[in-house]
Amino acid sequence: MDIEELKAKIMEWANKSTKPKFYFKDMGKAAPEVGLREIKKAVTALVQEQKLELWSSGSTSMYGVKGKGLTEEQQMGKHEE
Amino acid sequence: MAKFETPLLDDLEKGPWPSFVTDIKRQAKTKPELEDLLGQLELSYKDKETHWKHGGIVGVFGYGGGVIGRYSDMPEKFPGVAHFHTVRVNQPSGLYYSSAYLRQIMEMWERRGSGLTNMHGSTGDMVLLGTQTDQLEEIFWELTHDMNTDLGGSGGNLRTPSCCLGMSRCEYACIDAQNICHDMTQTYQDELHRPAFPYKFKIKVSGCPNDCVAAIARSDFAIIGTWRDDIRIDQAAVQGYVKGELTPNAGAHSGRDWGKFDIVKEVINLCPTKCMSWDGNALKIDNKECTRCMHCINVMPRALRPGVEKGCSILCGAKAPILEGQRLATLIVPFMKMEPPYDECKELLNKVLDWWMEHGKNRERIGELIGRVGMREFLKAAELKAIPQMVKEPRSNPYIFWEEADVPGGWERDLAAFRKKHPL
Amino acid sequence: MAYDPKNPMKDRITDIGPRHYEEFMPPVIKKNFGKWLYHEILEPGVLMHKAESGDEVYTVRVAAARLMSVELIRDALNIADKHCEGYIRWTTRNNIEFMVDNKSKLEPLKADLKANPMFPIGGTGAGVTNIVHTQGWVHCHTPAIDASGIVKAVMDDLFKHFQSMDLPAQVRIALACCLNMCGAVHCSDIAILGFHRKPPFVQHDLISSICELPLAIAACPTGAIKPATVDGKKSVSVNGPRCMFCGNCYTMCPAMPLMDAEGDCVVIMVGGKISNRISAPKFSKVVIPALPSTPPRWPETVAAIRNILEVYAKNANKYERLGEWAERIGWERFFEKCNLPFDVKTIDDYTLAYDTLRTTTQFKFS
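Residue numbers (my numbering), protein chains in the order written: chain W, 25 to 105; chain X, 3 to 426; chain U, 3 to 368.
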């Protein structure tokens with residue numbers, strides 16, 4: 025599959041998801057027919073294009089659609105500047 | 003004058019062990035945010051509870067690891083630590099530094115961060131402790147452009163590989179732990195910075211079975227130096243130990259009078275395989291029976307040395323108890339030669355990683371995956387042949403999940419022919 | 003050239019990895035790389051390594067709190083510049099090593115180190131070396147206990163063992179401030195572990211506005227968090243008995259804090275090791291399920307560790323690690339000798355419990 029096509033599939037899947045963030049592996053569901061190594065290339069490109077963004081708990085990592093869900097400021101509550 | 007009274011922390015300025023409180027107080031004179039850090043820490047000592055919150059979105063652009071987001075839960079009271087993110091800097095193998103390089107990092111960190119560090123974090127990185135979101139890209143720029151170094155790993159990535167000091171200053175090292183660690187780190191940069199694993203993955207390299215970097219206890223892929231020929235013996239030096247001319251165990255027990263060195267009691271009888279003997283003149287080792295525990299070599303380093311045919315054992319799947327219970331790494335390759343560019347080792351690692359990426363559940367370490375689906379599936383994926391060295395003992399139940407191909411004639415059978423023999 | 007926030011990709015450098023270690027090795031180390039013959043510990047904290055070439059390198063090991071300021075690191079670098087040709091090294095257990103290539107340089111180096119109480123010499127051989135530990139209250143968001151403060155209190159108490167080599171074998175102590183065990187304390191001779199004992203709060207009025215509820219629910223490794231509606235607002239409920247107190251939900255959601263001064267406690271585990279020497283590597287075992295967390299000096303924890311260490315030092319054979327000694331005499335005897343109460347909580351009931359139960363009539367009467 026062409027990387028542009030794969031990127032579009034991933035964004036479509038991500039935008040449809042009820043969750044604002046997802047594990048890398050779950051993004052494989054966007055295009056089960058391609059391998060996770062291909063998914064990674066497309067996801068990396070989407071991060072570069074600032075369509076996806078990364079989130080880390082320190083021990084594990086997630087990807088999210090940029091602008092979807094709560095911002096870090098909102099998560100930190102009223103105290104944040 | 004200190005900004006906050008810290009009577010509880012002040013108590014930790016007493017005593018002979020180096021005091022982090024004394025250290026931070028001195029640094030606070032030029033880094034006022036550390037006054038707020040001390041204030042918040044004092045409050046934690048009073049409350050017996052932490053005052054930090056996690057933030058996950060901060061990082062440097064394009065990397066999924068290397069930065070840990072941290073916010074104070076009392077930013078109005080302690081504004082200097084309202085944001086207090088951590089930056090992990092990939093350590094050089096073996097943790098040697100030149101003063102010039104460290105001073106460069108220290109200067110940057112005093113300018114762009116709190117001036118506080120961990121030397122080093124548990125995984126092995128140099129940890130720069132406490133900076134603000136708007137500094138992160140600037141720090142990354144200076145690290146990569148001016149200091150020619152990079153961030154370490156965090157999250158569901160390859161974690162920064164780490165090693166012991168290896169051949170640089172240890173006579174026991176059977177492999178070049180530093181070079182292997184550096185090479186692996188460079189080879190797997192993409193895996194280190196851009197998360198695509200179910201969970202964390204650690205590679206650690208120890209030069210010998212003493213395992214000073216705790217590879218067997220905490221790494222998903224442990225590379226531990228060993229040898230497969232005979233322990234080299236200098237009989238004259240053995241005599242030197244027996245006669246008391248040489249200090250056993252390199253002097254490690256010299257603080258107590260344990261009596262005269264007794265080679266039979268302290269070496270021969272403690273050998274786990276009882277493959278050694280001493281007739282009063284010569285030390286003999288039945289090397290074929292030796293399991294290379296290192297005890298005799300540790301006790302008599304001037305008389306005994308590892309063999310010359312050196313390589314590594316590879317063990318897989320160690321982890322701390324969370325979540326499915328603690329695991330030590332288990333042996334998957336008894337012996338592999340380790341010469342650059344380590345292709346054989348990397349081919350194996352790639353197979354292991356591919357299998358885990360495909361079959362591992364979210365937040366499942368590879369050891370847990372092996373535990374869930376069994377060694378059989380793992381060995382198939384890694385293309386490794388089952389050998390008795392992989393187990394402490396063979397299975398004690400016969401519940402083997404036979405596959406059709408393993409059974410003579412397969413599983414397709416003729417029911418009509420069967421019923422001719424066994425009518426209903 | 004500097005970072006341009008408007009154009010983050012311009013001249014960006016990535017994936018270069020760490021500096022090459024060869025740049026940082028002192029000349030005598032580089033010259034004799036892979037050609038070392040043997041070593042001797044000349045006195046506590048001072049090692050001599052002899053190379054095939056006849057060269058010798060003298061190493062002085064000093065303690066450091068792993069939490070170090072830039073200024074303190076510069077103090078160390080000043081000593082390295084003066085005595086060690088500008089090279090320095092850290093150990094995997096947070097100690098600092100200063101190396102010189104000639105015995106004549108040793109005493110002047112030691113004199114400068116002794117002049118600074120922040121750099122006590124020791125940490126070699128059959129003693130107690132530095133504690134590997136985690137962040138605690140100085141930087142972590144899920145700790146049940148502090149890290150640096152307990153390490154300081156314990157090492158103040160055991161300091162003479164840092165500067166002597168009078169134990170049966172080395173004793174490795176580690177601390178992790180919650181059950182996630184960033185410090186991998188699960189294979190240490192003595193492990194100090196922080197443990198939460200109360201499930202997280204749920205701040206129902208705020209949770210849906212500051213947390214992504216599906217992620218908080220998914221964060222729970224035991225499935226103890228379920229969606230709920232409270233006072234007409236979307237929230238979650240926590241099944242307390244299923245909570246394992248890991249804090250993953252708090253990592254995802256600041257409206258689910260779990261720290262609690264009364265509930266948070268110290269667990270003492272003993273008998274682990276990583277070396278393959280004589281016996282196979284072993285896990286640490288829980289021998290004290292809970293001690294109170296009592297800053298600033300944690301006297302109960304300090305006393306418990308000193309007690310175990312002293313009983314071990316008195317009773318174990320030469321070369322015997324703490325766990326090897328406990329296995330030789332039997333754990334029932336270990337509890338008796340250390341005067342520790344045994345409690346049902348000390349019997350494993352987690353995933354690998356069966357492996358730890360006694361399956362023989364062979365035991366010792368207490």
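Treat the hints with care, as some may be off.
As the list claims (entries may be wrong) - Below, simulated DSSO-like cross-link-like pairs (lysine-lysine); rule was C-alpha separation at most 30 Å, straight line: (1) X/LYS267 <-> U/LYS339; (2) U/LYS320 <-> X/LYS286; (3) X/LYS394 <-> X/LYS348; (4) U/LYS33 <-> X/LYS339; (5) W/LYS43 <-> W/LYS53; (6) U/LYS320 <-> X/LYS394; (7) X/LYS267 <-> U/LYS33; (8) X/LYS245 <-> U/LYS236; (9) W/LYS90 <-> W/LYS53; (10) U/LYS32 <-> W/LYS43; (11) U/LYS236 <-> X/LYS363.
What the hints assert, rightly or not - The calculated label-pair distances, taken between Cβ atoms and stated as ranges, are: (12) U/ASP350 <-> X/GLU360: 50 to 56 Å; (13) X/GLY376 <-> W/GLU62: 38 to 44 Å; (14) U/THR362 <-> X/GLU7: 29 to 35 Å; (15) U/GLY56 <-> W/GLU62: 56 to 62 Å; (16) W/ASP26 <-> X/GLU360: 20 to 26 Å; (17) U/ARG308 <-> X/TRP280: 52 to 58 Å; (18) X/GLY282 <-> U/GLU334: 39 to 45 Å; (19) X/VAL266 <-> U/ALA355: 38 to 44 Å; (20) U/LYS236 <-> W/ILE27: 36 to 42 Å; (21) X/PRO81 <-> U/ALA282: 49 to 55 Å.
Don't read these hints as lab results, they were simulated from the structure. Backbone N, C-alpha and C define an ideal beta-carbon position, used for all residues, glycine too.
So, going through the hints one by one against the coordinates:
{"no.": "1", "hint": "X/LYS267 <-> U/LYS339", "verdict": "holds, 25 Å"}
{"no.": "2", "hint": "U/LYS320 <-> X/LYS286", "verdict": "holds, 23 Å"}
{"no.": "3", "hint": "X/LYS394 <-> X/LYS348", "verdict": "holds, 26 Å"}
{"no.": "4", "hint": "U/LYS33 <-> X/LYS339", "verdict": "holds, 24 Å"}
{"no.": "5", "hint": "W/LYS43 <-> W/LYS53", "verdict": "holds, 14 Å"}
{"no.": "6", "hint": "U/LYS320 <-> X/LYS394", "verdict": "holds, 27 Å"}
{"no.": "7", "hint": "X/LYS267 <-> U/LYS33", "verdict": "violated, 38 Å"}
{"no.": "8", "hint": "X/LYS245 <-> U/LYS236", "verdict": "violated, 79 Å"}
{"no.": "9", "hint": "W/LYS90 <-> W/LYS53", "verdict": "holds, 19 Å"}
{"no.": "10", "hint": "U/LYS32 <-> W/LYS43", "verdict": "violated, 54 Å"}
{"no.": "11", "hint": "U/LYS236 <-> X/LYS363", "verdict": "holds, 28 Å"}
{"no.": "12", "hint": "U/ASP350 <-> X/GLU360: 50 to 56 Å", "verdict": "violated, 32 Å"}
{"no.": "13", "hint": "X/GLY376 <-> W/GLU62: 38 to 44 Å", "verdict": "violated, 28 Å"}
{"no.": "14", "hint": "U/THR362 <-> X/GLU7: 29 to 35 Å", "verdict": "violated, 59 Å"}
{"no.": "15", "hint": "U/GLY56 <-> W/GLU62: 56 to 62 Å", "verdict": "holds, 57 Å"}
{"no.": "16", "hint": "W/ASP26 <-> X/GLU360: 20 to 26 Å", "verdict": "holds, 23 Å"}
{"no.": "17", "hint": "U/ARG308 <-> X/TRP280: 52 to 58 Å", "verdict": "violated, 38 Å"}
{"no.": "18", "hint": "X/GLY282 <-> U/GLU334: 39 to 45 Å", "verdict": "holds, 40 Å"}
{"no.": "19", "hint": "X/VAL266 <-> U/ALA355: 38 to 44 Å", "verdict": "holds, 40 Å"}
{"no.": "20", "hint": "U/LYS236 <-> W/ILE27: 36 to 42 Å", "verdict": "holds, 38 Å"}
{"no.": "21", "hint": "X/PRO81 <-> U/ALA282: 49 to 55 Å", "verdict": "holds, 52 Å"}
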